[in-house]
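Given two chains presented individually in distinct reference frames, assemble the corresponding complex, making use of the accompanying hints.
In case you want the letters, here they are:
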Amino acid sequence: MLGANSKDKFMDIKSVKSQFPIFKNKINGKPLIYLDSANSSQKPGRVIDRISKFYSKEFSNIGRSVHTLAVTATNRFEETRDLVKKYVNAKSREEIIFTKNATEGMNLVASTYGEKFINKGDEILITELEHHANYVPWHFLRQRKGAVIKFAKCNDKGEVEIDEIKKLISNKTKIIGITHLSNVTGAILPIKKIVDLAKTKKIPVLVDGCQGAPHLKLDMQELGCDFYAMSCHKMYGPTGVGILYAKKEWVDKLPPYQGGGGMIEEVKKDNITFPGSPTKYEAGTLQTAEVVGFSESIRFIQDVGIKNIMQHEKEITEYGVQELKKNNSVKIIGDPKNRGSIISFTIKGIHPHDIATILDEDGVAIRAGHHCCQILHEKMGIAASARASLGVYNSKEDIDVLSNAIKKCNKIFNK
Amino acid sequence: MDLKELYQEIVLDHGKNPRNKRKCKDFNKDAEGHNPLCGDKVHVFLKLNKEKKVEDISFEGEGCAISIASASIMTETIKGKEFNVAKKILEDFLNMLKEGSKLRINSLNEDQNTTMMSLSGVKQFPMRVKCATLAWHTFLHAAENKKEKVNTEKGNL
Numbered sequence: 001m002l003g004a005n006s007k008d009k010f011m012d013i014k015s016v017k018s019q020f021p022i023f024k025n026k027i028n029g030k031p032l033i034y035l036d037s038a039n040s041s042q043k044p045g046r047v048i049d050r051i052s053k054f055y056s057k058e059f060s061n062i063g064r065s066v067h068t069l070a071v072t073a074t075n076r077f078e079e080t081r082d083l084v085k086k087y088v089n090a091k092s093r094e095e096i097i098f099t100k101n102a103t104e105g106m107n108l109v110a111s112t113y114g115e116k117f118i119n120k121g122d123e124i125l126i127t128e129l130e131h132h133a134n135y136v137p138w139h140f141l142r143q144r145k146g147a148v149i150k151f152a153k154c155n156d157k158g159e160v161e162i163d164e165i166k167k168l169i170s171n172k173t174k175i176i177g178i179t180h181l182s183n184v185t186g187a188i189l190p191i192k193k194i195v196d197l198a199k200t201k202k203i204p205v206l207v208d209g210c211q212g213a214p215h216l217k218l219d220m221q222e223l224g225c226d227f228y229a230m231s232c233h234k235m236y237g238p239t240g241v242g243i244l245y246a247k248k249e250w251v252d253k254l255p256p257y258q259g260g261g262g263m264i265e266e267v268k269k270d271n272i273t274f275p276g277s278p279t280k281y282e283a284g285t286l287q288t289a290e291v292v293g294f295s296e297s298i299r300f301i302q303d304v305g306i307k308n309i310m311q312h313e314k315e316i317t318e319y320g321v322q323e324l325k326k327n328n329s330v331k332i333i334g335d336p337k338n339r340g341s342i343i344s345f346t347i348k349g350i351h352p353h354d355i356a357t358i359l360d361e362d363g364v365a366i367r368a369g370h371h372c373c374q375i376l377h378e379k380m381g382i383a384a385s386a387r388a389s390l391g392v393y394n395s396k397e398d399i400d401v402l403s404n405a406i407k408k409c410n411k412i413f414n415k
Numbered sequence: 416m417d418l419k420e421l422y423q424e425i426v427l428d429h430g431k432n433p434r435n436k437r438k439c440k441d442f443n444k445d446a447e448g449h450n451p452l453c454g455d456k457v458h459v460f461l462k463l464n465k466e467k468k469v470e471d472i473s474f475e476g477e478g479c480a481i482s483i484a485s486a487s488i489m490t491e492t493i494k495g496k497e498f499n500v501a502k503k504i505l506e507d508f509l510n511m512l513k514e515g516s517k518l519r520i521n522s523l524n525e526d527q528n529t530t531m532m533s534l535s536g537v538k539q540f541p542m543r544v545k546c547a548t549l550a551w552h553t554f555l556h557a558a559e560n561k562k563e564k565v566n567t568e569k570g571n572l
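Same order as they appear, the protein sequences are chains A and B.
Here our numbering is used: position 144 in the first sequence is 144, and no number is missing along the way.
Here our numbering is used: position 146 in the second sequence is 561, and no number is missing along the way.
Next up, chain B with everything else stripped away, as it sits in the complex (with noise of 0.2 Å):
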């Protein structure tokens, strides 16, 4: 184990300043998730377009640097991405923190490429997996208009 790789430069610049943490405008989807275990807590708000193009998204929420740098990096990464391409960029995200492998999407530039490995650290801490999953599960509740609120520890992930 080795806190640099968990708290990297950029995961504690997003975890200060996290970017679109606001209820943004004219959002016509959103969802709440929830880590019973820690308090943390994320609300995430959509815009979803007729094209099913993330027009906006942003979030509102508290937690520990790890949960909100995560939420930060999600809202920027996929902004003005394909419903489609965000949920595999979703997946991939997730299986660089449960099984360590690198980002294959292809449709991230350089810098959101780095940004988002900057998180990869977390896997060597189990303990604090759910903590950088939470607001992207929460995502996925808002796009796929999902009423029950995301919760770590229902197994409703």
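Here chain A stands alone, though its shape is the one from the complex (with noise of 0.2 Å):
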């Protein structure tokens, strides 16, 4: 395992991969090549170790009973939260709020900003790069309180340029909800510009922050932005677990989300006051033993270190893109100037889907699909799209693996 003083040398990539158990297996008897991250990254042993651990020594239910049990178990999960609250640099712990999932940390907001905030006629501007995951939810809040949606546009290299948030901004904007890297075109967006354009209209900032949390570094306070949604198991981390950076000021002044156990203060038959955050925000039991699983994903991101992963995924992403640009039947799509470990095409008359399957034969998985971002497959007039997406796993071997089982597609499909 790489330890601490490792974090300023290049990594070894061997030793990195050899800590996620799931490489041991053979996939339709070829080794695993995986280039799904984006989708769902794997699990580091001693992440999965760490949940078994908790389960067979300190499980208990947490912030309920005094038992010995109950306070190590409470220890755990809110140590989790003052890891992740460092590792995002939020200025308190109240920031940082336990969700199942980045999608319900995105309802979370549009539910409680825009039942309190956010009225006819007002706007929510999202970006046509947006994961379904931050249309839908402010598509309820548009037919619940006849509020607008505006689409700022993405430009031909799969960005949204400031001009466009820019343009489209007026006294109405309630909140702008924007992903950090589209998990489609691979752009990082200059989220720090847009935020301080936002600020000096005061309309907060929601960020997706799904592919940027595991594949940047994160700084809520320089990024300035108000939530930020993360999806835990894009993150080395366990399924179940999302987290939302949510700014102090908003967890004071926006209403509880969903209500049961758990998230009150006082309940009487006339009346039930709440608590303050992450409290309120976290009615019924959590998912305990993730949560405490994911302290494991951090300190693994932390001992590789996130500067190595960010330099090792730009070096394999660029390399991916000059290799695939070699085959002339390979149309990647978007050219963003700032790419993540993103790499989405189309094969020339062969559908997605089909280039997945034959993939799949050779130990490959990519995705195939909309990867829930339907607007923008329409927009380039394509239904779906193939996805490789890289982790901190990933080497130039695979990239070479996957150009030569995409030549397999064209020795297919065009006998």
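In short, the hints are calculated from the structure, not lab data.
Among the hints, a few may not be true.
Every beta carbon over 10 Å from chain A, so not counted as near; a handful from chain B, in silico [as the list claims (entries may be wrong)]:
1) K436
2) D455
3) N499
4) N521
Straight-line C-alpha distance at most 20 Å; calculated DMTMM-like pairs for lysine to aspartate or glutamate [stated by the list, open to error]:
5) A:K30 - B:E420
6) A:K379 - B:D417
7) A:K331 - B:E424
8) A:K407 - B:E424
9) A:K30 - B:D417
10) A:K26 - B:D417
Chain A is faced by these chain B residues, among others (derived, beta-carbon under 7 Å) [claimed, not checked]:
11) L418
12) Y422
13) D428
14) G454
15) C479
16) A480
This one's a predicted model, so the numbers in the text were calculated from it and none came from an experiment.
The beta-carbon is built from N, C-alpha and C at its ideal position, and this holds for glycine as well.
In structure tokens:
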């Protein structure tokens, strides 16, 4: 395992990959080439072991009982919150809310902020790049309140330029919802600039950080956004956990989200009062073991070093783009100046589903479909695309296997 | 799993050069089908005469090689058949994809039989079975005047 002292050195990819037990398995008799990390990442052994240890030695429900196990479990759970707070550089632990996924985080914002601050005719500004998780919750609000949703255009390179946002801001704009890193074009958006612009108009910004969080250095105070939704299972963590970062001034102002046990202060027949954040947003028994397991994902990322991860993924992504471009039948979607580790593509005359099936036979796992971005695919005039998305465990060799498997698609279909 | 079983020559040919991919003249029934998971879409047009015979059948749509080939093969196989016979062919086809059984129907000629059988490899690829069955379910919806769109994820098949 890489220790803290390796942070400054370029990491040893083999050592990192060997920490993921899934790669011991063969897929269709071939080594697994996992290129679907934007969908969900694989888990290092230490995360899996942590969950197992928690259930074997420390499990109890949290925040309720006074017995020893309850105290231990509560401590482990809250330690994870502290770890996350530090990792994303939030100001206070009240700003870190555990949700079941990033989708729930965005629904939480749309529901609570929307309920309180968005009325008929008010505008919600999102972009054509958004995942359905940052559109559908706003659509519900549009239906409920008669609000208007505006879409900032994405350019030919698959980016959203700040001018497109500027153009659409009006005195009716009540919130901006925007992705940090497009899960289709791979474009990394200039969030800080957008937040700075929004601040001059006093408009809060919700960032969909599903693809940003696993691959970019996070600093909430520097970024300055009001909300940032993360998906832990894309961060080498367990499924069932998401994190919503919400600025203190908002969690103090906004109403609770879901009602139930654990999120109350006092319950009377005629009145109920609520505690502060994060308690008021965490109704019912949470995914305790998974949250505790996630602490090891953060430690894993810290041990490898997010800067190392970024440098490594950049190198492999650039190699991937370069290799895929060599194949004339391949068309890469978007050409962003600042690309995260996502390469979506189409192959002339071959439907993405057929590509995915053929690649799978060589152990190559990619995603085919609209990747929950129908608006964007419609704009590009295609129903679906194929997507190779990288993680810390990928290497140039993986790209070579991908390129060869794509040639096999050409061979089957161009007989 | 064997890719050669899935992408047989006949399937690839129908996928690349689909037959009856157009809106047929004088259709009196039609239905749309959609697989929201992968974006496959099909629109089946049907001319069913008074004797309930499939006088003409065609389709429009977009999708993977398997879904287009299957729609193409369906129109070729069903055209000219009595509706009751067409329904039996459909049942046979679904059984072939779900249970792996051989085609039992005796109203197909050898060519038609071979063409239908070319889709039997799909059974080994469970994620692709819906691609192959979408057009067939949509045909049934059209013939039976069901108003609801066929949606592979709504359980209305």
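Cross-check of the supplied hints:
At the 10 Å boundary, the C-beta of K436 of chain B stays outside the reach of chain A, the nearest C-beta of that chain being 15 Å off. Not every Cβ of chain A is farther than 10 Å from the Cβ of D455 of chain B; the closest lies at roughly 8 Å, contradicting the non-interface assignment. Consistency note on N499 of chain B: stated as away from chain A, and its beta-carbon is indeed over 10 Å from all of that chain's, at 33 Å minimum. With a least beta-carbon separation of about 33 Å from chain A, N521 of chain B lies farther than 10 Å from that chain, consistent with its non-interface assignment.
A hinted pair counts as satisfied when its Cα atoms are at most 20 Å apart, and K30 of chain A with E420 of chain B qualifies at roughly 19 Å. Of the supplied pair hints, the one linking K379 of chain A and D417 of chain B is violated, its CA atoms being roughly 36 Å apart against a limit of 20 Å. Proximity of K331 of chain A to E424 of chain B is assessed by CA-CA distance (about 26 Å); at most 20 Å being required, the pair is judged violated. Pair hint K407 of chain A plus E424 of chain B holds up; C-alpha atoms about 18 Å apart against a cutoff of 20 Å.
For the given pair, K30 of chain A sits about 14 Å from D417 of chain B by alpha-carbon distance, which is consistent with the 20 Å threshold. With a CA separation close to 16 Å, the supplied pair K26 of chain A and D417 of chain B stays within the 20 Å bound. Here the hint on L418 of chain B is kept, as its CB sits about 5 Å from the closest CB of chain A, short of 7 Å. For Y422 of chain B, the shortest C-beta to C-beta distance to chain A is roughly 5 Å, which falls under 7 Å, so the interface hint holds.
For D428 of chain B, the shortest C-beta to C-beta distance to chain A is roughly 10 Å, which exceeds 7 Å, and the interface hint is violated. About 4 Å separates the beta-carbon of G454 of chain B from the nearest beta-carbon of chain A, less than 7 Å, and the hint is met. For the restraint placing C479 of chain B at the interface with chain A, the shortest Cβ-Cβ distance is roughly 4 Å, inside the 7 Å limit, so the hint holds. Checking A480 of chain B against chain A: minimum C-beta separation of about 5 Å stays under 7 Å; hint holds.
Taken one by one, the earlier hints fail for this structure at numbers 2, 6, 7, 13, listed in ascending order.
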